[in-house]
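Below are the chains, spelled out letter by letter.
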Amino acid sequence: MASVVSTVFPAVAPSASGARRFVVSALRREAVSSDRVDLAALLTSELVTNAFLHAGTETRVSVRVNETIRIDVFDTGAGGVGLRTVGVEAIHGRGLHIVDALADDWGHEDTPEGSHVWFEITREPAAAQG
Amino acid sequence: MTTTDSGAPGGAPSDFRISVTDDGDATVVAVAGELDVATAPSLREELYRVIDRGVTKICVDLADMDFIDSTGLGVLVGALKRVKERDGTLELRSLPPSARRVFEITGLTQAFTIS
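These protein sequence lines are chains A and B, in that order.
Mind the numbering: the first sequence is residues 1 to 130 in the working numbering, read in order.
Mind the numbering: the second sequence is residues 1001 to 1115 in the working numbering, read in order.
Hints are computed from structural coordinates only; laboratory data are not their basis.
Bear in mind that the values here come from a model prediction, so they are computed numbers and not experimental data.
We put the CB at the ideal spot given by N, CA and C, even for glycine.
It is possible that part of the hints are untrue.
[To be verified] One-sided and incomplete, this derived list gives chain A residues near chain B with beta-carbon spacing under 7 Å:
| hint | residue |
| --- | --- |
| 1 | His54 |
| 2 | Val81 |
| 3 | His92 |
| 4 | Ile98 |
Produce the entire structure from the sequences given, and follow the hints as far as they go.
Structure, rendered in structure tokens:
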């Protein structure tokens, strides 16, 4: 049975750490292994940071855990999420590349309400927890 | 030595700290805590202040950095560019294993000297 929790963060920079802590806490409650928790926190940080920087609206983060861990991030901005080509000296634009490289699957869609970005990573056995 | 607290508002953890020292060889900028969109601006300011006062040999010590994402990477890349424009060097010291992964997948292990 899947467990789903969701919360809303304001359009301020500290919401990135707030969202990380929310995800960490939700996944620890489900006894997810610590390296998976850390990875989910990193990828969540990237998506919530993008929402803050590009949409500038409040952001809803939802966490679902069953065989996979799925995080959904919704904002109410204009959308337009996409991978850009990033030079080695670029200051911005690496966030979605990190998500693309480390998530098992991810995607985005523009909705009538705003933008929706999500990722999934596999869950490791709880026995792997340290 | 100067220490900067990033006093994050809204009850968020504010244990991010930057210290600047001189170890006789390089100016060492040590980062402690979580480097993200809320804390990166204070690191950028500190690094640019060091570079703009003419320091050309900078070592960023990351031993006590608990977290870094793409925003933090961007600040380090920006500082590297700025110091290279002045014919200086910026190397990273004590990169935590958990952070090494984001440097590797973004190709930045090639851009930085990491000791």
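For the restraint on His54/A, tell me whether the closest CB of chain B is nearer than 7 Å.
This hint is violated: His54/A lies away from chain B, its Cβ roughly 12 Å from the closest one there, beyond 7 Å.
With chain B as the partner, please determine if Val81/A meets the hint condition of a C-beta pair closer than 7 Å.
Not OK, violated: Val81/A not within 7 Å of chain B, min 14 Å.
Does the nearest C-beta of chain B fall within a distance shorter than 7 Å of the C-beta of Ile98/A?
Holds: closest Cβ of chain B sits about 6 Å from Ile98/A, inside 7 Å.
Can you verify the interface hint for His92/A: is its Cβ closer than 7 Å to any Cβ in chain B?
Because about 6 Å separates His92/A from the closest Cβ in chain B, which is inside the 7 Å limit, the hint holds.
Checked against the numbered hints given earlier, the structure breaks hints 1, 2 and satisfies all the rest.
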